[in-house]
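J.: Start from chain C and add chain W according to the hints.
If you're matching them up, the sequences are chains C and W in order.
This note's numbering applies: residue 281 is where the first sequence begins, and numbers increase by one.
This note's numbering applies: residue 13 is where the second sequence begins, and numbers increase by one.
Quick caveat, the hints were computed from the structure, so don't treat them as lab data.
Here the structure is a predicted model, which means the values were calculated and not measured.
All clues given are correct.
Computed cross-link-like contacts, SDA-like style, restricted to lysine to any residue with a CA-CA straight-line distance of at most 20 Å: (1) K597/C with P40/W; (2) K582/C with R402/C; (3) K346/C with V514/C; (4) K121/W with G522/C; (5) K85/W with I105/W; (6) K358/C with W79/W; (7) K358/C with R187/W; (8) K517/C with G534/C; (9) K541/C with L120/W; (10) K121/W with P549/C; (11) K121/W with P556/C; (12) K517/C with S119/W; (13) K446/C with M459/C; (14) K344/C with S314/C; (15) K446/C with M460/C; (16) K346/C with D178/W; (17) K344/C with H324/C; (18) K582/C with R482/C; (19) K121/W with I547/C; (20) K358/C with M176/W; (21) K517/C with P145/W; (22) K358/C with D182/W; (23) K346/C with V330/C; (24) K517/C with V654/C; (25) K358/C with W177/W; (26) K517/C with D62/W; (27) K358/C with P184/W; (28) K541/C with K121/W; (29) K85/W with S630/C.
With the C-beta cut set under 8 Å, the calculated list includes, among others, these residues of chain C facing chain W: (30) L394; (31) V521; (32) K606; (33) E620; (34) Y624.
Every residue, glycine too, gets a C-beta built ideally from N, C-alpha and C.
The chain contents come next:
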Amino acid sequence: MMVTQRSSDEWDRPAPVAGSYAFVVGDDPEDPGSLLEVSMGPQHPSTHGVFRMDVVLDGETVVKLKPVFGYLHRNHEKIAENISYLGSMPYTDRLDYFCSLTNNWAYALAVEKLAGISVPERAEYLRVILSELTRLQNHVCLAGFLAQDMGASGTPLMYGFREREKILDLFESLTGARMMCNYMRFGGCRCDTPPGWLDEARAVVDSFPRFLHEFENLLSSNEILMSRTQGIGVLGKDLAVGAGITGPCLRAAGVDYDIRKVDGYGIYPRFQFRVPLGEHGDTYDRYMMRILEMHESLGILKQALDGIPEGPIIDPKAKLRGFRPKAGESYGRIEAPKGELGFYLISDGSPSPYRYRVRPPSLVNLTVLEDLCVGHNVADTVIILGSIDIVLGEVDR
Amino acid sequence: METPQQIRDRIVGAVAGLQVECLPNGAPAGVPSLLVGRSCFREVAIFLRDDPQLRLDYCSNVTGVDWPERTEKFKVRRQVGEVEKDVEESRVIPGCLEVVYHLYSMSLKHGPLVIRVRTGDRSADVSVPSLTPVWRACELQEREVFDLFGVHFDGHPDLRRILMWDGFVDHPMRRDYVEPDDYDYEPTPHDHVLDRALARAKPGEAGCGSGAR
Chain C
281 MMVTQRSSDE
291 WDRPAPVAGS
301 YAFVVGDDPE
311 DPGSLLEVSM
321 GPQHPSTHGV
331 FRMDVVLDGE
341 TVVKLKPVFG
351 YLHRNHEKIA
361 ENISYLGSMP
371 YTDRLDYFCS
381 LTNNWAYALA
391 VEKLAGISVP
401 ERAEYLRVIL
411 SELTRLQNHV
421 CLAGFLAQDM
431 GASGTPLMYG
441 FREREKILDL
451 FESLTGARMM
461 CNYMRFGGCR
471 CDTPPGWLDE
481 ARAVVDSFPR
491 FLHEFENLLS
501 SNEILMSRTQ
511 GIGVLGKDLA
521 VGAGITGPCL
531 RAAGVDYDIR
541 KVDGYGIYPR
551 FQFRVPLGEH
561 GDTYDRYMMR
571 ILEMHESLGI
581 LKQALDGIPE
591 GPIIDPKAKL
601 RGFRPKAGES
611 YGRIEAPKGE
621 LGFYLISDGS
631 PSPYRYRVRP
641 PSLVNLTVLE
651 DLCVGHNVAD
661 TVIILGSIDI
671 VLGEVDR
Chain W
13 METPQQIRDR
23 IVGAVAGLQV
33 ECLPNGAPAG
43 VPSLLVGRSC
53 FREVAIFLRD
63 DPQLRLDYCS
73 NVTGVDWPER
83 TEKFKVRRQV
93 GEVEKDVEES
103 RVIPGCLEVV
113 YHLYSMSLKH
123 GPLVIRVRTG
133 DRSADVSVPS
143 LTPVWRACEL
153 QEREVFDLFG
163 VHFDGHPDLR
173 RILMWDGFVD
183 HPMRRDYVEP
193 DDYDYEPTPH
203 DHVLDRALAR
213 AKPGEAGCGS
223 GAR
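The shape of chain C in the complex, shown without the other chains (with noise of 0.2 Å):
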């Protein structure tokens, strides 16, 4: 049977207007308008936070891609210039937001190595448990936001901030805050836990392995998730490590690059725990890695907890007021959640640091962006964003 089709310009309606909404950037004669550049964000809801991509379309088809940020800048690094050492502390929870205490570990690393401080046991395991901890919700989420992102609306993120708000609501009892923690000190943590602290931290951590099995049952081998994300926003070795591209993302293009093993700073090296490594570095590898990690944090947190001894929690020596370092520079970085995060302060032997750096994996990893994107669908940007994992506190501070 023959099907006539019918055109849509038999309805009687107003006369099409010229122009369109995008900025059209192509002059080519033979086809005028082929080329559009078109802005996406800031406040595009999938761009997690005030962050713009200024995209340019051949049809669907990326072409060129420029990020644009800096709408949450306010210098932290230049407030931090101007305050006491310890005076930054609460500042720098609010970097990167979803992982307080790694940020507040990155920075007392990086004034315990300026100033020569040691820190007692019971605070090692206290800033590994919550580091850890940090890292599940951290990648939780960022599963959950990768699956709506590729519209499965809901369900998966929901999962993830269900187990989320478990680990924040430890952390809520220990320091007194879901999010900005301000936990860790120079040369210890605040206080101590309370009471009862870590066996519920010990149930979370047993429970937590049903939850990633039935979170993987529902997405890992998922149809629609392997054909959205499988050979889309490849990502080489070599450009990976030219790129300074760290985290999860780096070992998904296969480089065994963790800063727990390679500087195994605090008690890292006391640890069994394995480095997942990707192969083919693309969307799916880095979903993947984020999965595996969970199962090794699970691993360390589990050993962390049987072996957590008594004893004081911050170094007596360690001065919190009036704490002036000798002059001279000291590097400390971390493995965050998403990347190396690290503090590079240069001291005058003043009460205030000399300069101030942070070392920011979010914006880092932004830089290889266009790289992922070129080739692939508009719709494909927004996954590849998301699976490089930023936060924009982080990216513009």
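T.: Same frame as chain C, but now just chain W:
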């Protein structure tokens, strides 16, 4: 990894005429850094990346430091008349902008090596060679140093402001930066819309003009 002093000696031995100096670090267990001359900066960087013993293939951190001109006071023992005395003298240390790079090796898993380069005069002679052609990791971070410190990177493929907006004139991370009195005005892509709205508004009308603010 070798000590910075050994690396310095090896660089100077390998290629004649390179200016590399080892700067001490006062922090306990702090590693010294290498101060490299501007003219041979990229050459030294390529050496550090490609040398088989070092293989510093990963540039982790790039940042600027502002050193304004300062006077340093110090004491010298001098013959004053008949007696020998401690005399206080002062000398002027010229100001400069410094760019610091932290290098690591991902293949050999060592580091860091800290290299730094200094500009000349802070107002007129602010260019240094860009290392983005050597390590792409410098791309966004050098743009940030350009934006906040005003260091000009020669050979950077895309040197634009990154955190401040394009029309901004000063460099906020410099020590002598003075904040404006009024933060109200900040250009937006919608400025022409605001202008039109203001032009049409009657004085004192809600939402527009000075009365509402």
